Amino acid sequence: MSKLGDLGAKLYRGEVGYDFVGKRFVWYGVSILITITAAVALAVQGLNMGIEFKGGAVFTTPKTSVSVARATEAADKASGQHSIVQELGTGGLRIQISGLDTKSAASVKQQLGADLKVDAAQINADLVGPSWGEQIANKAWTGLAIFMVLVVVYLAIAFEWRMAVAALIALVHDLTITVGVYALVGFEVTPGTVIGLLTILGYSLYDTVVVFDGLKEGAKDITKQTRYTFSDVANRSINGTLVRSINTTVVALLPVAALLFIGGGFLGAGMLNDISLSLFVGLAAGAYSSIFIATPLVVDLKEREPAMKALTKRVLAKRAAAAAKGEDADADTDGGEPQVVSQGGQGRRRR
Amino acid sequence: MAAPKKGRRPTGAQGRPGRALAFILIAMVALTAGMFLSHQTTPRLGIDLAGGTSITLKAKSEPGKPDAVNETNMNTAVGIIDRRVNGLGVTEAEVQTQGRDHIIVNIPKGVNEQQAREQVGTTAQLYFRPVLAFADGAPAAPETKPSASPSPSAGGSGAPKAEGSSKPSAPATPSSSATSQGRVLSEALKAPGTPTPSPSASESKKADDSKATPSASAPAPVPTPPVDPAVADLQAKFAALDCTKEDQRAAAGKGAKPEEPTVACGQRGSAWGKWILGPAQVAGTDVKDAKGVIDQQRGQWIVQMQFTDKGADKFAKITGELATKQAPQNQFAIVLDGKVISDPSVSQALTGGNAEISGGFTQQSAQDLGNMLSYGALPLSFQEDSVTTVTAALGGEQLKAGLIAGAIGLVLVVIYLLVYYRGLAFIAIVSLMVSAVLTYTIMSLLGKGIGFALNLPAVCGAIVAIGITADSFIVYFERIRDEIREGRTLRPAVERAWPRARRTILVSDFVSFLAAAVLFIVTVGKVQGFAFTLGLTTLLDVVVVFLFTKPVMTLLARTKFFSSGHPWSGLDPKRLGAKPPLRRSRRTGPVPAPVDAKEA
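Read top to bottom, the protein sequences are chains A and B. Take 1 as the starting number for the first sequence in this note's numbering and just add one per residue. Take 1 as the starting number for the second sequence in this note's numbering and just add one per residue.
Chain A extracted, bound-state conformation (with noise of 0.2 Å):
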């Protein structure tokens, strides 16, 4: 089988493997800094923010040979604005105009038909009023709230409530990336944009869940035995679901890309190409923060529990005897928890 498939089988056994839960502190502080260069991204190159948020016209033209830089030309004195031209890969020109009201756009229209020589008719015509990017905008914030007040509810009652606030803010954190990423390249933000950031919000939070449930199944019976801190578990439950995890996301990230060149290549900018680039982006975050961020904030909120100290306490104890005994007990701290040899009667558990 493949080299991924052993690796698989040998993560799965914990023979390899990443301390995912011990060095979660560098994490955290690597998922800090990102934040804190999206927000100054945010705050210091803001949003390119599309037409849709502006208002304004986005003209697109069937085939013509009137160059770029004349068409801007004939654009700006058609409309009386600033306006922005880019050639498309079907031989078309993407003509945005900010700023143009969606009454005069009728007569621009024609008089970019009749500049750039071709029929007006076939001349797409996209006009938006200046409030109607912010309606778009408002509506996604509600359903945001909505969303993530319902599936924190959900979480809680199908996981425990430390689980449903580790993914809400792996969430958050996988959002503030996204909106960091476009903050920096200057990507436009439009409609398609807050549809493919809406949509991360489900997806990065299958990824979340899928780990969450294994790490569920391997913390069943925890307090009943005294081998495994819930540290080891979580890390154990990472690790195991890894291949799981890589798989799930790159099968998620084909077709997005998929979409992302297509759509950019065919049409240039639009909807394809606005939706799959945040999508795009938001899975790439969602996959990092389900197996950096999530879990090991699942472990920091849950080893806070009375129970669960006890049970560290316990199995650092027992380690402590075993190691006193002799250096027969293998403290190979690497997969994240030791290696014992033929040490107590339970089975070993299942992640």
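Hints may contain errors.
To be verified - With a cut-off of at most 20 Å between alpha-carbon atoms, the simulated DMTMM-like pairs for lysine to aspartate or glutamate come out as follows:
{"hint": "1", "chain 1": "B", "residue 1": "K314", "chain 2": "B", "residue 2": "D247"}
{"hint": "2", "chain 1": "A", "residue 1": "K224", "chain 2": "A", "residue 2": "E303"}
{"hint": "3", "chain 1": "B", "residue 1": "K60", "chain 2": "A", "residue 2": "D101"}
{"hint": "4", "chain 1": "A", "residue 1": "K10", "chain 2": "B", "residue 2": "E486"}
{"hint": "5", "chain 1": "A", "residue 1": "K220", "chain 2": "A", "residue 2": "E160"}
{"hint": "6", "chain 1": "A", "residue 1": "K318", "chain 2": "A", "residue 2": "E160"}
{"hint": "7", "chain 1": "B", "residue 1": "K574", "chain 2": "B", "residue 2": "E486"}
{"hint": "8", "chain 1": "B", "residue 1": "K237", "chain 2": "B", "residue 2": "E260"}
{"hint": "9", "chain 1": "B", "residue 1": "K291", "chain 2": "B", "residue 2": "D82"}
{"hint": "10", "chain 1": "B", "residue 1": "K257", "chain 2": "B", "residue 2": "D295"}
{"hint": "11", "chain 1": "B", "residue 1": "K60", "chain 2": "A", "residue 2": "E134"}
{"hint": "12", "chain 1": "B", "residue 1": "K245", "chain 2": "A", "residue 2": "D101"}
{"hint": "13", "chain 1": "B", "residue 1": "K109", "chain 2": "A", "residue 2": "D119"}
{"hint": "14", "chain 1": "A", "residue 1": "K77", "chain 2": "B", "residue 2": "D247"}
{"hint": "15", "chain 1": "B", "residue 1": "K314", "chain 2": "B", "residue 2": "D295"}
{"hint": "16", "chain 1": "B", "residue 1": "K237", "chain 2": "B", "residue 2": "D247"}
{"hint": "17", "chain 1": "A", "residue 1": "K63", "chain 2": "A", "residue 2": "E73"}
{"hint": "18", "chain 1": "A", "residue 1": "K23", "chain 2": "A", "residue 2": "D300"}
To be verified - Negatives, chain A to chain B, calculated, CB over 12 Å:
{"hint": "19", "residue": "T37"}
{"hint": "20", "residue": "L42"}
{"hint": "21", "residue": "V66"}
{"hint": "22", "residue": "D76"}
{"hint": "23", "residue": "L184"}
{"hint": "24", "residue": "R244"}
{"hint": "25", "residue": "K309"}
{"hint": "26", "residue": "K318"}
{"hint": "27", "residue": "A321"}
{"hint": "28", "residue": "A324"}
Just so you know, the hints here were simulated from the structure itself, not pulled from any lab data. Computed from a prediction, not measured in an experiment: that's the story for all the values here. Where is the CB? At the ideal position from N, CA and C, for every residue including glycine.
Knowing the structure of chain A, use the given hints to seat chain B on it.
Same frame as chain A, now just chain B:
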């Protein structure tokens, strides 16, 4: 814990995977048959893919009427706009509310978009106002069109200082304006005194009157000594108003309160005119019905109006007053959204609730005016939030791009699955195909059923869903492989992996569905299409995994190819690094225990 229950369930499912498969097969056949029987073999395409115009209107909340934007009013508005669009002879145009305060109007290609937009988007408030004064649109720079019909202006109330004669022309009818003499008809308004009038009883005397006194001279409004500041202000506005300029035209009658006089612009034939109008006397809501009909006797198009009881009284009063006056003050203006769409003159009081407007109509202009009158009275005013016009060419291109992207995405996923899961990938691929068939047939059927239209974001949603659907298989497959690593043979592994994979799939799909549902309920327009597709495919994912993937897996686990762990099956225990229970400790590392406390 719950061992007997858990133990029995998988065995039961294993016992009859055929039942689930038969069920889903029947469902697929039924859906496909339904699709062909109802002739809905393709999903209905949205405007952005098929071409056409999509207008999003937002209800404006008026100051002082905070509760005006409610469901009843929105539904009334949808009904009115719907009838208006149908009045244009548009087929398959759809009007629907979205969210609390939005109305989406989708007009397929092949419709006069400009005309539709004018009627759908900009029409809002309709009033009948008495005409106080009229002048050519731009006195400073007269229109070159010879057909412009000048009229005298009057200031103040009831103080005629007119010169020349009035010559009210047909409503905005470019076609009729071409015939210069024919166009010079006044609109006469007349209704029989009896409550049950017949069109034949009425005739347009007024038309003759004004035809007899045409005046081609440019208007020279005579200033009147202002009586009070309001009137002076109105006069000044009127003098400055240049209706040939689009921005001024748009601003002229905007926001005029019905109970106050105002200035307004309007088209008369091919030229622009401007008016001073008195307070509104009759509102659009007072019109019960109006339509453009052909008057058989005179062989010309007229507009018949029918008023509500209250409207009839008001209309009788205003026509009674107007009839006694001289031109142009014997006219009233029909003002739609601050724009004069017609200004018929009145020769007598019109009682009985029926009236007709005649003179110079073409079929088109009569029907247009009829539409505006009957459906002009929206309970709310709307603003155009976005207007998207997509040519069929670009729509087709977008659809093509979407489909290509979907195909490439699918191929990439299939390749990845094949490389990683080998034989298992075929189960995933066939499951994806089942899912695709279900999605396609349901989308096609929903086109008619609930008016679902596949738009670009919906295509995006479907493509993204490929990943979500494949994720479920991965969760299950990885579980099976984990079981094999435990040292189990395939058949028990398949059954033992299922309850745990099932829970993970249900929980994560529920979260996806929740996101889609919230998006669908909260948002408007394009976002809804995306959310809908995502929600639908998430549901279907559950159906497919439960009724197809799992049963097929159960069946295939009985085949030699899979159960013997053929190297290409994706379930080769050796390659998966399984530890047969009997050879527990070749390595020094911990050994997976055969005992599983949680499940036993």
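Indices of hints not satisfied (ascending): 1, 6, 10, 15 and 24
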